[in-house]
Amino acid sequence: MKMITKLLAGATLGLTMAGPVLAQDDPTKVGFIYIGPVGDGGWTYEHDQGRLAVEEEFGDAVETVYQENVPESADAERAITQMALSGADLIFTTSFGYMDPTMAVAEKFPDVKFEHATGYKRADNVSTYSARFYEGRAIQGHIAGNLTESNIIGYIGSFPIPEVIRGMNAAFLHAKKVNPDVEFKIVWAFTWFDPAKEADAAKALIDQGADVVLQHTDSTAPQAAAQEAGGVYTFGQASDMSEYAPMPRVSSIIDDWAPYYIARTQAVMDGTWESTDTWDGIGPGMVGIGEITDAVPADVKEEALALKDAIASGEYHPFTGPINKQDGSVWLAEGETADDGTLLGMDFFVEGINAEIPN
Amino acid sequence: MDSINPILLIASLMVASTPILLAALGEMVVEKAGVLNLGVEGMMITGAVVGFAIGVNSGSSALGFVSAALAGAALSMVFAIITQVLLANQVATGLGLTLFGLGLSSLIGKPYVGVKAPGFAKLDIPFLSDIPVLGPILFRHDPMVYLSLILVAVVWYLLARTRVGLILRAVGENHAAAHALGYKVVRVRFAAIATGGAMAGLGGAYVSLVRVPQWVEGMTAGAGWIALAIVVFASWRPWRILLGAYLFGGITVLQLNLQAAGSSIPVEYLSMSPYLVTILVLVIISVRGNHGAPGSLGRVFHASQ
Amino acid sequence: MSLFRLEKRPAPSSLLSGLTPILAVLATMVAGGVMFAILGFQPLEAIRTIFWDPLFDPQFGPYSRPQLLVKAGPLILIAIGLALGFKAGIWNIGAEGQYIMGAVVGGGVGLAFYPSESPLIFPLMVFAGAFGGWVWASIPAVLKTTFGTNEILVSLMLVYVAENILASMASGILRNPDGQGFPGSRNLARDYPAASNPELIADTGMHWGVVAAFIAVILAYVLMTRHKMGFAIRLAGEAPRAARFAGVSPTRLILFCLGTAGALAGLAGLFEVTGPAGQITIDFNSGYGFTAIIVAFLGRLHPVGILFAGLLMALTYIGGELAQLMLGMPAAAIQLFQGMLLFFLLAMDVFANYRLRIGQPEVTS
Numbered sequence: 001m002k003m004i005t006k007l008l009a010g011a012t013l014g015l016t017m018a019g020p021v022l023a024q025d026d027p028t029k030v031g032f033i034y035i036g037p038v039g040d041g042g043w044t045y046e047h048d049q050g051r052l053a054v055e056e057e058f059g060d061a062v063e064t065v066y067q068e069n070v071p072e073s074a075d076a077e078r079a080i081t082q083m084a085l086s087g088a089d090l091i092f093t094t095s096f097g098y099m100d101p102t103m104a105v106a107e108k109f110p111d112v113k114f115e116h117a118t119g120y121k122r123a124d125n126v127s128t129y130s131a132r133f134y135e136g137r138a139i140q141g142h143i144a145g146n147l148t149e150s151n152i153i154g155y156i157g158s159f160p161i162p163e164v165i166r167g168m169n170a171a172f173l174h175a176k177k178v179n180p181d182v183e184f185k186i187v188w189a190f191t192w193f194d195p196a197k198e199a200d201a202a203k204a205l206i207d208q209g210a211d212v213v214l215q216h217t218d219s220t221a222p223q224a225a226a227q228e229a230g231g232v233y234t235f236g237q238a239s240d241m242s243e244y245a246p247m248p249r250v251s252s253i254i255d256d257w258a259p260y261y262i263a264r265t266q267a268v269m270d271g272t273w274e275s276t277d278t279w280d281g282i283g284p285g286m287v288g289i290g291e292i293t294d295a296v297p298a299d300v301k302e303e304a305l306a307l308k309d310a311i312a313s314g315e316y317h318p319f320t321g322p323i324n325k326q327d328g329s330v331w332l333a334e335g336e337t338a339d340d341g342t343l344l345g346m347d348f349f350v351e352g353i354n355a356e357i358p359n
Numbered sequence: 001m002d003s004i005n006p007i008l009l010i011a012s013l014m015v016a017s018t019p020i021l022l023a024a025l026g027e028m029v030v031e032k033a034g035v036l037n038l039g040v041e042g043m044m045i046t047g048a049v050v051g052f053a054i055g056v057n058s059g060s061s062a063l064g065f066v067s068a069a070l071a072g073a074a075l076s077m078v079f080a081i082i083t084q085v086l087l088a089n090q091v092a093t094g095l096g097l098t099l100f101g102l103g104l105s106s107l108i109g110k111p112y113v114g115v116k117a118p119g120f121a122k123l124d125i126p127f128l129s130d131i132p133v134l135g136p137i138l139f140r141h142d143p144m145v146y147l148s149l150i151l152v153a154v155v156w157y158l159l160a161r162t163r164v165g166l167i168l169r170a171v172g173e174n175h176a177a178a179h180a181l182g183y184k185v186v187r188v189r190f191a192a193i194a195t196g197g198a199m200a201g202l203g204g205a206y207v208s209l210v211r212v213p214q215w216v217e218g219m220t221a222g223a224g225w226i227a228l229a230i231v232v233f234a235s236w237r238p239w240r241i242l243l244g245a246y247l248f249g250g251i252t253v254l255q256l257n258l259q260a261a262g263s264s265i266p267v268e269y270l271s272m273s274p275y276l277v278t279i280l281v282l283v284i285i286s287v288r289g290n291h292g293a294p295g296s297l298g299r300v301f302h303a304s305q
Numbered sequence: 001m002s003l004f005r006l007e008k009r010p011a012p013s014s015l016l017s018g019l020t021p022i023l024a025v026l027a028t029m030v031a032g033g034v035m036f037a038i039l040g041f042q043p044l045e046a047i048r049t050i051f052w053d054p055l056f057d058p059q060f061g062p063y064s065r066p067q068l069l070v071k072a073g074p075l076i077l078i079a080i081g082l083a084l085g086f087k088a089g090i091w092n093i094g095a096e097g098q099y100i101m102g103a104v105v106g107g108g109v110g111l112a113f114y115p116s117e118s119p120l121i122f123p124l125m126v127f128a129g130a131f132g133g134w135v136w137a138s139i140p141a142v143l144k145t146t147f148g149t150n151e152i153l154v155s156l157m158l159v160y161v162a163e164n165i166l167a168s169m170a171s172g173i174l175r176n177p178d179g180q181g182f183p184g185s186r187n188l189a190r191d192y193p194a195a196s197n198p199e200l201i202a203d204t205g206m207h208w209g210v211v212a213a214f215i216a217v218i219l220a221y222v223l224m225t226r227h228k229m230g231f232a233i234r235l236a237g238e239a240p241r242a243a244r245f246a247g248v249s250p251t252r253l254i255l256f257c258l259g260t261a262g263a264l265a266g267l268a269g270l271f272e273v274t275g276p277a278g279q280i281t282i283d284f285n286s287g288y289g290f291t292a293i294i295v296a297f298l299g300r301l302h303p304v305g306i307l308f309a310g311l312l313m314a315l316t317y318i319g320g321e322l323a324q325l326m327l328g329m330p331a332a333a334i335q336l337f338q339g340m341l342l343f344f345l346l347a348m349d350v351f352a353n354y355r356l357r358i359g360q361p362e363v364t365s
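Residue numbers (our numbering), protein chains in the order written: chain A, 1 to 359; chain B, 1 to 305; chain C, 1 to 365.
Derived from the structure by calculation, the hints contain no laboratory data. Predicted model only: the values in this text are computed from it and were never measured. Hints are supplied without guarantee of correctness; some may be wrong.
[To be verified] Under the rule of at most 30 Å between Cα atoms (straight-line distance), these lysine-lysine pairs were calculated in the DSS-like manner: (1) A/Lys-121 to A/Lys-325; (2) A/Lys-29 to B/Lys-110; (3) B/Lys-116 to A/Lys-301; (4) A/Lys-29 to A/Lys-121.
Required output: the full structure, derived from the provided sequences and hints.
Written out as C-alpha cells, the structure reads:
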C-alpha cells in the first residue's frame with residue numbers, strides 16, 4: 001500500500017513538472033551535450049567535472065542537465081533541440097561535430113545561448129570556445145626530450161585533424177630543442193576511445209624502443225601499458241590520470257573547463273552574455289599542467305615550470321620561428337609567431353618529423 | 001621496418017588475441033550444439049565489469065576471473081531461457097543480449113571508473129623463460145594465456161574424443177534425430193550456452209584485468225563480434241579458432257607496429273587490414289570447400305516437431 | 001517441465017499475434033519500472049517520460065512526434081531489406097557498412113558537382129547512394145555464390161572496412177575545403193540546396209527517406225504476397241530442399257536479397273546524410289544498421305510489422321533521450337530497458353505460435 005501511494009505521488013509530481021511554465025525566479029538552466037559517456041575518464045569526464053563545478057558554485061540558483069553518448073549525427077540536432085525545449089537558458093555542446101547542429105538549433109531558439117566547443121562558426125547567440133592544448137604539449141615535449149634515453153618518443157594520435165597535428169608539432173619542436181637526436185614514432189589509432197587498441201598501440205611503440213609515450217586519445221590504457229613495460233614515461237591526457245603517478249605518468253595536460261563554464265553561466269544570470277570566441281590556454285587556466293612528479297629530474301622540472309610561466313604570461317609562444325615545414329619550406333621566420341588562423345587549420349608537420357599525415 | 005622486433009611482436013600478439021580466443025572458443029561450443037548466440041559482446045562486457053569489480057574489491061584477479069565466468073554464464077541463461085524454453089528467434093535474442101549487457105555493464109561499472117586494476121602476476125617459469133627467443137615468446141605470460149591454450153586442447157578433446165562431445169555434436173547436427181535417440185536436446189543446449197557465456201565472461205575480464213587493465217564503458221569495443229567471425233572463419237574447429245584468433249590479433253598488432261616503424265603503406269589501409277585479411281582467408285578456406293557449419297545451427301527446436 | 005508444455009498451433013493465432021506485442025510492452029513497463037525504482041527514479045514518471053511524453057507532452061510533443069518519423073525512417077527502410085534475406089535464410093548483418101557506403105558514394109557524387117544547381121543532382125545522388133549500398137552488399141553475395149563464403153562474416157567485416165573508408169574520406173578527399181582543415185564534408189543539407197533532402201511538409205518530419213520507407217513497406221508487402229520472388233524467398237527459408245525442386249535458383253535469390261537489402265541501406269544512408277545528419281563526418285553512422293536487425297525481428301519480418309516496430313523503437317530512443325534530459329537517467333539504463341523490451345517481445349511471441357498446456361501430453365513423441 002505504501003508503495004502504491006509512493007507511486008501515485010510520483011505520478012502527480014511528474015505531471016506538475018511537465019508543465020511548460022517558466023516562472024521568473026526559476027533557476028538558470030544549463031545544459032550539456034556529451035559525445036561519450038561521463039565515465040570515459042577523459043574528454044567527457046572533464047566536461048562533466050565542469051558541469052559539477054557550475055552546480056557547486058551556484059547551488060540552487062542553477063539547474064544542470066546533460067545528455068551523454070550523443071552521436072555526431074541527426075541525433076545531435078534532436079538532443080540539442082529537446083534541451084532547448086526543456087527550458088535550458090545556456091547549452092554547451094562539447095564536441096566538434098556538433099557545430100552545424102548547434103547552428104541549426106540556435107537559429108530556432110534566438111533566446112537561448114549556445115556555446116560550441118572547438119568549432120569556428122558563431123552567431124549572435126552562439127559562442128565558441130576551445131583550449132590551447134598545444135601549450136601543454138610544448139611542456140610535455142620539453143620534459144619528454146629530456147627524459148628519453150633511446151631518443152625515441154612514441155605518439156598515439158586519434159585522427160589526423162588540426163588539433164592533433166598541432167599537438168604533435170608543439171611537442172616535437174620542444175623535444176627537439178633540448179635533444180637534437182630525438183625521433184617521433186607516430187601511430188594513428190583512428191579512434192578517440194578504444195582502450196584495447198590504445199593499449200596495443202602503446203605496446204607497439206614501446207616494443208620499438210620508445211621510452212616516452214605521448215597520447216592524444218582519451219583512455220588511460222596507454223598509461224597501464226607503460227606501467228607494465230616499466231621504465232617508460234607517459235603524460236596524462238585531458239584528465240590528470242594521477243592514479244598512474246609518479247611513474248609512468250610524470251605530468252599531464254588537464255582540460256579545466258570549470259572556470260569558463262562558471263563565468264559563462266554567471267554572464268547569463270547577469271544578462272551580460274555576448275557571443276565570443278574564446279581560445280584560452282595555460283594563462284587563463286583552461287589548460288592545466290598536472291603535477292610534475294619526482295621521476296623528472298629537478299632541473300628539468302624547473303625548466304618546465306619556467307616554460308609554463310613564460311607561456312602563461314604570454315612572454316613566449318610555443319610556435320616561434322624559425323620553423324620550417326616538413327618539406328623544408330619556411331613557415332615562420334626568426335622571431336615570428338604563428339597566427340591563430342594557421343594554427344586552427346594546421347595540416348602539415350614541421351621539419352624533422354619523419355612521418356606522413358594520412359591523406 | 002627493421003625496428004620491429006619479431007619476438008616482442010609474437011609475445012604481444014598472444015596477449016592481444018587471448019580475449020577473442022576465449023570468447024570464440026566458447027561461442028564455438030554453443031554453435032556446435034546448434035545454437036547461434038550473437039550476444040557475445042554483451043556477455044564479454046558484463047564479464048569485464050564484474051571481473052574488474054570483484055577483482056578490485058577482493059584484491060584478487062583470480063577471483064575476478066571466476067566471478068566474470070559466472071556472470072557471463074548467468075547472463076547467457078537469459079538467452080537460453082528465451083530461445084530454448086520460449087523458442088524465440090536466436091539472432092534477435094542474441095542482439096538483444098548485447099544491448100542488455102552493454103547497458104547493464106555501464107550501470108554496474110559507474111563506481112569503478114578511474115579505479116586501478118589489482119594487477120595479475122605473470123608466471124615467470126624458471127629456466128624455460130630464459131631460453132633465448134622462445135623464452136620471452138612462450139614462457140613469460142600471465143596464467144590466463146596458458147589457460148586459454150589449455151582450454152583449446154580441452155575443448156578439442158571433449159568434442160572429438162568423448163561421449164559428451166558426441167552428444168553435443170549430434171544435437172547440433174540434427175536435433176530432431178538426437179531427440180529421437182533420447183538425448184535431452186534442451187538440457188545439452190543449456191549447458192553449451194552456459195559454457196559459452198562463461199568463456200565470453202573470461203575473455204571480457206581478460207580485457208579489463210590484464211590487457212588494458214582498467215574499467216571503461218564499452219571497453220570491449222567490438223571484440224565479441226570479432227570472436228563470432230572467428231568461429232565461422234575456423235569452420236567450427238578448435239585449433240583453427242586458435243589460429244584465427246592469433247592471426248587476427250597478430251595483424252592488429254602488426255599494423256600498429258608497421259605504423260610506428262614508419263611504413264609507407266597508407267594508414268587507412270593498414271587499419272582495415274585485419275578485416276580484409278580475415279575475408280581473404282575465409283574465401284580461401286571456402287574455395288577449398290570446407291564448411292562444417294552444424295546442421296541445426298540457429299534453428300528452433302521444439303520436441304513435438 | 002512436465003507440469004506445462006507447449007503445443008504448436010496449426011497456424012499462428014492472429015488474435016495473439018496482435019495482442020502479444022501489447023502485452024510485451026506492458027510487461028516491459030512493469031519490469032522496467034522495477035529497474036527504474038531500484039536505480040532511484042519514480043517508475044511511473046520514468047515510464048511516462050519514455051512512452052507518453054514524446055507523443056503527447058505539450059512541451060515536447062509537437063517537436064518529438066515528427067522526430068519519430070525521422071528516427072524510424074532509416075530503421076524501417078533498412079529492416080525491410082534485411083527481412084527479405086532473413087526470410088530466405090540469408091544473413092546480412094552488415095547493413096551498417098552498406099548504410100555508410102550509400103552515404104559516402106551518394107554524398108561523394110553530390111559533392112563532386114558542387115556547387116551545381118541542377119535539379120538532376122539529387123536524383124543522381126539517390127541513385128549513387130543505392131548503388132553504393134548495393135555494391136557493398138554484393139561483395140558478400142558474390143563471394144557466397146562463387147565460393148560459398150559465409151555471408152554473416154563477410155558482411156560484418158565489411159562494416160569495419162566501411163568505417164575506415166568513412167574516416168579516411170571525411171578527413172581526406174571529401175573534407176570541406178572551406179572547413180579550416182577540420183574533418184567532415186560540406187553540409188549538404190544547409191549549404192548545398194541542390195543536394196539537400198529537406199523536410200517536405202513543414203513540421204512533419206517527412207523527408208524523402210521517410211517517403212522511401214513507406215514505399216518500401218508497400219512494395220515489400222506486394223512482393224511477399226503477390227510476386228513469384230516472394231514465394232521463392234518464403235519457400236527457400238522454410239524448406240530449402242523443396243525450393244530447389246521448385247526451380248528456385250539459390251544464386252539469384254542470394255544476389256537479389258543481399259543486393260536489395262544493400263541498396264535500401266545505401267538509400268537510408270544517402271537520405272540521412274543529405275537531410276537530418278547533413279554532412280559526412282568521421283562517425284556519421286550511429287548504429288542504424290544494427291538496430292535495424294532488431295527492428296526486422298521485432299516486426300516478425302513482416303513489412304507492416306516492421307513499420308510498427310520501427311516506430312516503437314524510435315519512440316524508445318526519443319523517450320529515452322527525454323528521460324536522460326528530464327530525469328537525469330543514465331543512457332545505460334535506457335539501453336538496458338530496450339534490451340528488456342526486445343526480450344519480452346521475443347518471449348511473448350511463443351504464445352502466438354504455441355499453446356500452453358498444463359499436464360502430461362496425451363501422446364509422447
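Given the proposed pairing of A/Lys-29 with B/Lys-110, does the C-alpha separation stay at or below 30 Å?
-> Holds - the C-alpha atoms of B/Lys-110 and A/Lys-29 are around 25 Å apart, at most 30 Å.
Straight-line alpha-carbon gap B/Lys-116 to A/Lys-301, limit 30 Å | Given that 30 Å is the threshold and the Cα spacing comes to 26 Å, the pair holds.
A/Lys-29 paired with A/Lys-121 [C-alpha distance capped at 30 Å] | Roughly 23 Å separates the two Cα atoms, so the pair holds.
Satisfaction of hint between A/Lys-325 and A/Lys-121, Cα-Cα up to 30 Å | holds (28 Å)
The structure meets every hint from the earlier list without exception.
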